[in-house]
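Asks: The primary structure of each chain is shown beneath.
Number of protein chains: 2
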Amino acid sequence: MNICIVQMNVIPGKPDLNFETIKKEVKNAVANQSDLVVFPEMCLSGILVGNYFENASFLARCVDFGNQVVALSNSIDILFGNVAVEAGVGDCDRALLYNAAFYASGGALEPLVVCEKVIKCFLPKILLPCSRQFDERYYFSDMQELSYSLNQSLELLLTPYTTKKGIRIGLSIGEDILAAPMSECDLFINISSMPYEMGKQKERHTIFSGHAKRHKIPLIYVNAVGTQNNGKNIYAFEGGSSIYDPCGNLVFEESAFKSCTTTVGYQNKKIKVAKEQHESLSEMAKVRSALVYMIAENLRRFGIERVVIGASGGIDSAVCAALYTEALGADNVFLVSMPTCFNSSTTRQAAKDLATNLGTPYLEAPITESLGVFCKSLALLSFDGNKTPLKVEGINHENLQARTRSTIFLATIASVLNAAFTCNGNKSEVMVGYCTLYGDTSGIFCAIGDLWKTQVYELALEINREKVLIPLASIEVPASAELSELQNVDEGKGDPINYQYHDKLFSFWMERKAQYSLADSIAALVDGTLFEKLGVSELEFRLWFKTNEEAVNDMTYWWNRYKGIGVGKRVQMPPILSVSCRAFGFDLRESQI
Amino acid sequence: MNICIVQMNVIPGKPDLNFETIKKEVKNAVANQSDLVVFPEMCLSGILVGNYFENASFLARCVDFGNQVVALSNSIDILFGNVAVEAGVGDCDRALLYNAAFYASGGALEPLVVCEKVIKCFLPKILLPCSRQFDERYYFSDMQELSYSLNQSLELLLTPYTTKKGIRIGLSIGEDILAAPMSECDLFINISSMPYEMGKQKERHTIFSGHAKRHKIPLIYVNAVGTQNNGKNIYAFEGGSSIYDPCGNLVFEESAFKSCTTTVGYQNKKIKVAKEQHESLSEMAKVRSALVYMIAENLRRFGIERVVIGASGGIDSAVCAALYTEALGADNVFLVSMPTCFNSSTTRQAAKDLATNLGTPYLEAPITESLGVFCKSLALLSFDGNKTPLKVEGINHENLQARTRSTIFLATIASVLNAAFTCNGNKSEVMVGYCTLYGDTSGIFCAIGDLWKTQVYELALEINREKVLIPLASIEVPASAELSELQNVDEGKGDPINYQYHDKLFSFWMERKAQYSLADSIAALVDGTLFEKLGVSELEFRLWFKTNEEAVNDMTYWWNRYKGIGVGKRVQMPPILSVSCRAFGFDLRESQI
Chain P
16 MNICIVQMNV IPGKPDLNFE TIKKEVKNAV ANQSDLVVFP EMCLSGILVG NYFENASFLA
76 RCVDFGNQVV ALSNSIDILF GNVAVEAGVG DCDRALLYNA AFYASGGALE PLVVCEKVIK
136 CFLPKILLPC SRQFDERYYF SDMQELSYSL NQSLELLLTP YTTKKGIRIG LSIGEDILAA
196 PMSECDLFIN ISSMPYEMGK QKERHTIFSG HAKRHKIPLI YVNAVGTQNN GKNIYAFEGG
256 SSIYDPCGNL VFEESAFKSC TTTVGYQNKK IKVAKEQHES LSEMAKVRSA LVYMIAENLR
316 RFGIERVVIG ASGGIDSAVC AALYTEALGA DNVFLVSMPT CFNSSTTRQA AKDLATNLGT
376 PYLEAPITES LGVFCKSLAL LSFDGNKTPL KVEGINHENL QARTRSTIFL ATIASVLNAA
436 FTCNGNKSEV MVGYCTLYGD TSGIFCAIGD LWKTQVYELA LEINREKVLI PLASIEVPAS
496 AELSELQNVD EGKGDPINYQ YHDKLFSFWM ERKAQYSLAD SIAALVDGTL FEKLGVSELE
556 FRLWFKTNEE AVNDMTYWWN RYKGIGVGKR VQMPPILSVS CRAFGFDLRE SQI
Chain D
16 MNICIVQMNV IPGKPDLNFE TIKKEVKNAV ANQSDLVVFP EMCLSGILVG NYFENASFLA
76 RCVDFGNQVV ALSNSIDILF GNVAVEAGVG DCDRALLYNA AFYASGGALE PLVVCEKVIK
136 CFLPKILLPC SRQFDERYYF SDMQELSYSL NQSLELLLTP YTTKKGIRIG LSIGEDILAA
196 PMSECDLFIN ISSMPYEMGK QKERHTIFSG HAKRHKIPLI YVNAVGTQNN GKNIYAFEGG
256 SSIYDPCGNL VFEESAFKSC TTTVGYQNKK IKVAKEQHES LSEMAKVRSA LVYMIAENLR
316 RFGIERVVIG ASGGIDSAVC AALYTEALGA DNVFLVSMPT CFNSSTTRQA AKDLATNLGT
376 PYLEAPITES LGVFCKSLAL LSFDGNKTPL KVEGINHENL QARTRSTIFL ATIASVLNAA
436 FTCNGNKSEV MVGYCTLYGD TSGIFCAIGD LWKTQVYELA LEINREKVLI PLASIEVPAS
496 AELSELQNVD EGKGDPINYQ YHDKLFSFWM ERKAQYSLAD SIAALVDGTL FEKLGVSELE
556 FRLWFKTNEE AVNDMTYWWN RYKGIGVGKR VQMPPILSVS CRAFGFDLRE SQI
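Residue numbers (our numbering), protein chains in the order written: chain P, 16 to 608; chain D, 16 to 608.
Since the hints were made in silico from the structure, they are not lab data. These numbers were taken from a predicted model, which means no experiment stands behind them. Certain hints may be false.
Calculated Cβ distances over 12 Å to all of chain D for the following chain P residues [to be verified]:
no., residue
1, Lys38
2, Asn89
3, Lys132
4, Thr177
5, Arg219
6, Asn264
7, Ser274
8, Leu484
9, Gln515
Think about it this way: if two alpha-carbon atoms lie no more than 25 Å apart in a straight line, the pair counts; the simulated DSS-like pairs of lysine-lysine are [as the list claims (entries may be wrong)]:
no., chain 1, residue 1, chain 2, residue 2
10, P, Lys406, D, Lys367
11, P, Lys367, D, Lys402
12, D, Lys367, P, Lys391
13, P, Lys29, D, Lys578
14, D, Lys367, D, Lys508
15, D, Lys406, P, Lys367
16, P, Lys367, D, Lys391
17, D, Lys406, D, Lys391
18, P, Lys29, P, Lys39
19, D, Lys391, P, Lys391
20, P, Lys528, D, Lys29
21, P, Lys402, D, Lys367
Below, a sample of chain P positions facing chain D; criterion: calculated Cβ distance under 10 Å [to be verified]:
no., residue
22, Asn66
23, Gln159
24, Ser164
25, Lys406
26, Leu415
27, Gly454
28, Lys578
29, Gly579
30, Gly583
Quick reminder that beta carbons are idealized off the backbone N, C-alpha and C, glycines included.
The following block holds chain P by itself, in its conformation from the complex:
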């Protein structure tokens, strides 16, 4: 049997466009004499389509295009994922929806769930993700609920599908690979729609390879590519479709973030792929690909070809500029340096060098005059007959600088150039609101908003691996906002965050499943387990904090910013390109408490 696996770019909310892709791929597969063609989970609707799943005519279109896929199955079998709609059986007046797999053969759907009480021509997902970015539990029912309502065990409902040629396929969708108790079969096929997540590829290989090995059955994993979003978070669907032999060896792995098609030969639990291929990029190289992919795909979809980036000479804007340049080409990235007297010649030169290295257009636009005129005009005004004129100083002047740069200079230059401008904030700043709302928090995307500052440095090294694009000065100067004399980088002054320590603490608070709280952290500090939990040495910790009291005060300060002003700023921030196990945005439910 020849199986054609299609790692397709699923466009969310566009079943018509996805159907065109499917149709073309089916035609090719038929021409290549494949017996079965496999498409990813939810390849007609997409997964992150917001409330479209509540719209009856959208659902009807998905079903209709699903039927059109079935009609293509006269000379080839087709396995694909789509939303299954059972009208009039759910509560709240809604149809019951399933994230489901469909198997079409001979122009008709095959039954996939068969027991005394029911025959269903689709296989629902068993495990809907129980948290995070996918709102599946909100819209869909699952196999567990079906088994409850039929009063039948999962084991009874989940049997392998036997093809007309007698091959028993153990089908599963996404994370179901672990839950599907289908061991009596000849071949496992898993269809997925999995976004890229740092470190997850290795975990996936372990799970899939272990599954194949345990049952001594080959496994084919077909994942989607493309980008989807839930408004606040943008995800890159990873691809990396893989094939494992019955010994659990990874025989073949598709590239990440690329539409592609491969034909696999199957016979007697033996599996063969013409080309041999494994991708073995470093994690930061994958992060870089994921970010560039999301930037390119999303801007294209929005019809935006150019961006304007405020280049401060610091690491964040430099990394962003390199990523956007890779995605859009140097001619389409416009760097603007907007110095005041607080910007050192070191960073000003670094901004200029960045443009030279990348080959992008560059402009220096001093903002001092505009700031001065505005402050002078405000000083002439008052609410009480000139008794207390409005005087802008200190932190207020710092915020004004940030706002003038972003929402006046960058936004206006971008609109004149018919471009967008970018937000260059990192996850550490986003976490504790160390940024100015309507200032550096503004922009079309927050491209590195899911990378801790220490990870931004790692990404910079990755970007510079073959050729120095990011000026070394940007990597070497202390991280600083340069908004006042107190943040003078040439005097070694900079941000109040000790990224080496705080990044670990912040990750402990927001990335772990257990959602550790301030109280948990203080307790762990007191009982001595915090060092191991954070992965810092006690020796190092004592260089930063002489006493536990100091450490507790510091934790309390940042925790309150995280849960207070941080939330307030995040509510109004741009979408974050998400690459970690937990990004800010929809992925982390937050209230202002």
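Mind docking chain D on chain P? Use the hints.
Replies: Just chain D, lined up with the frame of chain P:
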């Protein structure tokens, strides 16, 4: 039996503070010789606490304070709502959580679910809201799941609780009133945490009164007050706790948005309240109370005492100014008019009159000079050696005006005064992105962002009912942004939205449960059912659109803005004070597609 019902202000995420309230109220109830004191649903944790429900130490605190409430029940019975935690039984390594009712008596919890297989000292909610703002399905299991897992019918599990004095109480939580099949009892008690929603009070009376009448059993409804949020939406919990006699008559109704306690006498299915009270405010009067309540409570919680409001002379900013003045007092609301040559003397005078009517501080800050200096400095710059200088005109200049007003003038004045500034956008603008990002979309809250423009006019009339606060000119001039000659109000020019029609169309698209799409609307127009669906006369419709083609083009334009640029702007907008059946924000799941 004397029953004390406590309509308490539940502070989300603060079980310690809520326990203090409960303790005080229990003490009072004991002093008043009550036999039972009733608190609302989830009165220790709150409901909208984001991912706090994933934090084990937060859950442990809720349970611990729940136990402390139980310990108060030596001389009085206590019925209250809290999260119930069953450790180690759920999937994904998490404890199983329930939104539950607890009944404490004699210092211990009473069993509320009893059948051959199980005894539980709490009653889980049966129906978790299946959509919208409450993320309950994300965190909680429900009675339905419990009944499945025990393989017992709901009817068997749901039996009335019999007090030690032999009174059978039919308990329910929130919407469960309809699902709870407990008819064999002496008294219904429903504990809720329901936010205010326009039009819902009437619906609730119909349901509750019908339920009491059908079963010939009195009903006590205890609701919370206070405000809670999910980051993007702020809700006012309504209160309005009510008592219905066995004939379904509303005997008593607490005020909305106010902590209060009432004692009810119960004997033999007869119910008596000392004071007689019904509130019968108009819907817009309730909207006004809800908005003022949310402003006052939330700003107090954030520690913000003053706001700065850009007063354009138009209706939106005038209504906002009146609401904030009611919430904070006139001295704490600073009105700033920021005219350019495009602002008519009509609206400039209206802005001034507004300040006089409200008695607030007022300032006129022309922005022309700042705009001029900035545009001149930009015109000296270019990316290509002065071949194409950066020239700001047309829509780019309009956006610059809006941004200069909000993020430069208002933000800076606010920071100098240690105040916040406000976003005055309405739901019609928010829907289709008829606003400038980092301009008029900015601010601490979007106070009228859940009111269509036509509703803003209704609210203005309500505010002016007793005394004219909002200048008539603001009500009478055409709605206009006054950003160019094309929007000259004195020449009758204004916004491109025909609010009389579009508000209805927009509501049809986003507020209905069925989530009508563009395709649905076009189909309805063609088959002639659209007029009835929108509630517009065909005659009127034909004044606006001569042909169906014109109407379809118009629909398509606004639909694309709604699903395109509108989503992009909403992602970065401030929290919306929510009063409708469906507010933008978390309440409506959206993707950028």
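Asks: Now tell me, hint by hint, if it's right for this structure.
Replies: How the hints compare with the structure:
Interface exclusion of Lys38 of chain P from chain D stands, the closest Cβ pair being 21 Å apart, more than 12 Å. Its beta-carbon lying about 30 Å from the closest one in chain D, Asn89 of chain P satisfies the requirement of being farther than 12 Å from that chain. For Lys132 of chain P, the condition that its CB be more than 12 Å from all CB atoms of chain D holds, with the nearest at approximately 16 Å. Every CB of chain D lies more than 12 Å from the CB of Thr177 of chain P, the least distance being 30 Å, so the non-interface label holds.
Non-interface status of Arg219 of chain P relative to chain D is upheld: no Cβ of that chain comes within 12 Å, the nearest being about 17 Å off. For Asn264 of chain P, the shortest C-beta to C-beta distance to chain D comes to about 30 Å, beyond the 12 Å cut-off, and the non-interface label holds. Every CB of chain D is more than 12 Å from the CB of Ser274 of chain P (nearest about 19 Å), matching its label as outside the interface. Every Cβ of chain D is farther than 12 Å from the Cβ of Leu484 of chain P; the closest lies at roughly 20 Å, confirming the non-interface assignment.
Annotated as non-interface, Gln515 of chain P keeps its C-beta farther than 12 Å from every C-beta of chain D; the closest such distance is 26 Å. For the hint pairing Lys406 of chain P with Lys367 of chain D, the CA-to-CA distance comes to about 24 Å; that is within 25 Å, so the pair holds. Of the pairs offered as hints, the one joining Lys367 of chain P and Lys402 of chain D holds, with about 20 Å between alpha carbons and a cut-off of 25 Å not exceeded. Restraint check for Lys367 of chain D and Lys391 of chain P: satisfied, since their Cα atoms lie roughly 24 Å apart, inside the 25 Å limit.
A threshold of 25 Å between alpha carbons decides the hint, and for Lys29 of chain P with Lys578 of chain D the separation of about 13 Å falls inside it, so the pair holds. Among the hinted pairs, Lys367 of chain D with Lys508 of chain D is consistent with the structure: their alpha-carbon atoms are about 22 Å apart, no more than 25 Å. Taken as a hint, the Lys406 of chain D and Lys367 of chain P pair is honoured in the structure, with Cα atoms around 24 Å apart against an allowance of 25 Å. Proximity of Lys367 of chain P to Lys391 of chain D is assessed by CA-CA distance (about 24 Å); at most 25 Å being required, the pair is judged to hold.
A threshold of 25 Å between alpha carbons decides the hint, and for Lys406 of chain D with Lys391 of chain D the separation of about 9 Å falls inside it, so the pair holds. Between Lys29 of chain P and Lys39 of chain P the alpha-carbon distance is near 16 Å, which keeps this suggested pair within the 25 Å criterion. At roughly 17 Å between alpha-carbon atoms, Lys391 of chain D and Lys391 of chain P fall within 25 Å of each other, so this suggested pair holds. With a CA separation close to 22 Å, the supplied pair Lys528 of chain P and Lys29 of chain D stays within the 25 Å bound.
The suggested pairing of Lys402 of chain P with Lys367 of chain D holds, with an alpha-carbon distance near 20 Å, which does not exceed 25 Å. Given hint, Asn66 of chain P at the interface with chain D, holds; its Cβ is 5 Å from that chain's nearest Cβ, closer than 10 Å. Nearest Cβ of chain D to the Cβ of Gln159 of chain P: about 9 Å, under the 10 Å cut. The hint holds. Annotation: Ser164 of chain P was flagged as interfacial toward chain D, and the flag holds, the nearest CB pair being 8 Å apart, inside 10 Å.
The closest approach between the C-beta of Lys406 of chain P and any C-beta of chain D is roughly 7 Å, which is under the 10 Å cut-off, so the hint is satisfied. For the restraint placing Leu415 of chain P at the interface with chain D, the shortest Cβ-Cβ distance is roughly 5 Å, inside the 10 Å limit, so the hint holds. Proximity of Gly454 of chain P to chain D holds as hinted, the smallest CB-CB distance being about 8 Å (cut-off 10 Å). Because the closest C-beta pair between Lys578 of chain P and chain D is about 9 Å apart, less than 10 Å, the hint holds.
For Gly579 of chain P, the shortest C-beta to C-beta distance to chain D is roughly 8 Å, which falls under 10 Å, so the interface hint holds. Annotation: interface hint on Gly583 of chain P holds; nearest CB of chain D at approximately 8 Å, less than 10 Å.
Of the hints listed earlier, there is not a single one the structure fails to meet.
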